[in-house]
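Engineer: Protein sequence lines, in the order shown, are assigned to chains E and W.
Start counting the first sequence at 359; every next residue gets the next number (my numbering).
Start counting the second sequence at 2; every next residue gets the next number (my numbering).
Careful: at least some of the hints might be erroneous.
Claimed, not checked - Straight-line Cα separation of at most 16 angstroms, EDC-like style, residue types lysine to aspartate or glutamate; simulated pairs:
(1) E/K675 <-> E/E690
(2) E/K721 <-> E/E604
(3) E/K514 <-> E/D566
(4) E/K403 <-> W/D117
(5) E/K654 <-> W/D117
(6) E/K568 <-> E/E604
(7) W/K56 <-> E/E604
(8) E/K508 <-> E/D538
(9) W/K56 <-> E/D612
(10) E/K505 <-> E/E542
(11) E/K727 <-> E/E509
(12) E/K687 <-> E/D486
Said to hold, decoys possible - To be clear about the criterion: a stretch of chain E counts as covered by chain W if any three or more of its residues have a C-beta under 8 angstroms from a C-beta of chain W, and this derived list gives those stretches:
(13) 544-553
(14) 569-582
(15) 585-592
To be verified - Beyond 12 angstroms from chain W on every Cβ pair, some chain E residues (computed):
(16) A439
(17) D443
(18) Q465
(19) N513
(20) R674
None of these hints come from the bench; they were simulated from the model.
Since the structure is predicted, the reported quantities are computational estimates derived from the model, not experimental observations.
Ideal Cβ placement from N, Cα and C applies to all residues, glycine included.
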Amino acid sequence: MNRSLLCTLLLCAAGSIQAQSGPILIGEVAPLTGPAATVGTRLNKASKMWADEINAKGGINGRKIELVTCNDEARPEKAVACLRDMQEKGAAMIFGNSLTASLRAMQPLVKQGPLLLIPSPNVVPPADSYAFQVSPSDLHLTEAIAKYMKENGLNKIGMVAATDASGEVGVESAKKVFGDQKMELRLARIDLRATDASTQLANVAGQDIKLVYSSYTGGGAVTVVKSFKILGLPQPLMVSYGNMSEAFVSLIKDVAPPRLLGTSVVALVPEHLSNAGERSRAQAFLDAYAKRYSEKPDMINLLGKAEVDVAEAVLRKVSNPADAAAAKKFLESTPIESIQNQRFSPTNHVGLDASSVIIVELKDGNWVKAEPIK
Amino acid sequence: MNLLTQAVISGLMIGAVYAFLGIGLVLVYRTARILNLAHGESFAITGVAAAVLAKSGLPLAAALALAILIAVAFALSLHRFVLRPRAEWPAGTLILITLGAAFVVRGVLILVAGTDPVSFPVLFSGASLRIAGGVIPPQGIALVLLGFGGSAAVAVYLARTRSGKQLLAAAENPYAAELLGVNVERARLTAYGIGALLGALAGGLLIPLIAVDFQSGLAMTLRGFVAAAIAGMSPIGVVFSGLGLGLFESWVGAYLGALYQDPVMFGLLIAVALWQSRHIRFGGTRRA
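This is chain E alone, in the form it adopts within the complex (with noise of 0.2 angstroms):
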């Protein structure tokens, strides 16, 4: 009998240290084909730069990093599969690398762990979840856009949003922090197979309005700015930071507006960055990813950095990662360094802020910061 526990005790024991010692596996939810593949495969390429610079390193603790991802098509019942596989798999923690719907459809399922880090800006965490979102919400971007009309002496925004879950998002935001700040929002909503955004534009760019903004991205996006080109309005017109690519300036290069401006994290700007070791680890990542992919890094690029970063914090500090609890505890207390710093509370699950936030504008190519409405 007394043996017979020996041996139990004995193999689990052995197993635990298994556990501890093997590669962590990181789970990774992301959609590399359908409608959001270009978010996924962007998240995606930040986080196999990191499980491979950790790797080549001889990876963290002496564990190697595994990072699983599954394509959830940015499908809601997919994206759950893929996080269920991965629970069972005992994955460390979760990147939640999708879209709104299915980001939604996931949270309730680490009730109990393990981590669930979110990079996009459209989904909240509550603060007694496991869910940590690394980027500033969709709130703190729409505020500092209130903030840069307020400093241009504006108060009347058009604003073209598309009928998915992200654009309901983006006008919940817009209705609340324009209301709150008693500006004026002429709203039109466009079709997620619009051919053709003059309609929506004609709506809300009266003359009366100094500056439209776009919460589309990808390829609708792409329609909002040519329909704005074509009608010949002289508004700047602001896209959402989804739009911060290479691939959407050489797409409309040739058909931008007289000003075209956007929100993204500063990090995207660096030398806009107060912090110096923020500067030099946002400098620092801009350069290794342009080595790696020979392309410029985007604004959805930079917030899978942030989020390997908070990974790789808990990874380093906690001593065993696979404790949701301790690492939960863990990130509502520390601050971490990333490309730009993320704190959380125990109160707070999101781990920037609107302070995080600057308005960029295209010029001869390039993002940098813009510069006021005349």
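Based on these hints, arrange chain W on the given structure of chain E.
Structural biologist: Coordinates of chain W only, in the frame set by chain E:
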């Protein structure tokens, strides 16, 4: 800017796309009795191929011509090497095969151009035309003229010419048509070729005003199907249903909002389907 005028202009452009894609679907359906779910791929192939070829340094006109050829070749190959050898299979199975072909094209387009949207410059450049408070670019004018003109020309060709009637006869009763000297195989190849050419032209004209990616094809097939279904698969009807749908979609978007677009459009489709099937009993016989 006048919202009503802009909504009319936008509606004409959207309607031209519906007509372009709808007539191609109708043509293939009326000739081969197959609903070709890979029809919109001719649009996507043209857009992606033209963008990639133009980016590689080929002159735009040459890139576009080559891209259209590739799209037409795809449609002809689909019929010749995939569907024709299985002509005796049930129609439902063949339709599923065309859906499979659409997904194969998606995969190939990802390999060729990646997942990001792509585009290419307009063929018809110059200042936009401003009429009654609305604006339409030269490329948009070309889209409207060729979209409605091209689909109307195909409808007239089918209804009024000998070879057009032979195409329709090939579907109505292929064995009788063959006995009367109609080359059924050539008729079907012609239908697939013309259908793909129209889809490719839609891509060549519309994509410079938007962007295209690997998944655009099925969305375009759906557009074409809605126009074709509302027209009851009638070649001339699809020109008018395309026009009506375009204007309707644009006005709903402008005055009710885009959130109402899908419920209204698909509600309309269901209403038309119910109206068209009012004489049909369960079991397929007509009511007295």
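Engineer: Next, verify each hint and record whether it holds.
Structural biologist: Do the hints match the structure? See the list:
no.	hint	verdict
1	E/K675 <-> E/E690	holds, 13 angstroms
2	E/K721 <-> E/E604	holds, 13 angstroms
3	E/K514 <-> E/D566	holds, 8 angstroms
4	E/K403 <-> W/D117	holds, 14 angstroms
5	E/K654 <-> W/D117	holds, 15 angstroms
6	E/K568 <-> E/E604	violated, 27 angstroms
7	W/K56 <-> E/E604	holds, 15 angstroms
8	E/K508 <-> E/D538	holds, 13 angstroms
9	W/K56 <-> E/D612	holds, 14 angstroms
10	E/K505 <-> E/E542	holds, 14 angstroms
11	E/K727 <-> E/E509	holds, 14 angstroms
12	E/K687 <-> E/D486	holds, 11 angstroms
13	544-553	holds (count 7)
14	569-582	holds (count 4)
15	585-592	holds (count 4)
16	A439	holds, 20 angstroms
17	D443	holds, 23 angstroms
18	Q465	holds, 25 angstroms
19	N513	holds, 21 angstroms
20	R674	holds, 33 angstroms
Comparing the model with each earlier hint shows a violation of hint 6 alone; every other hint is respected.
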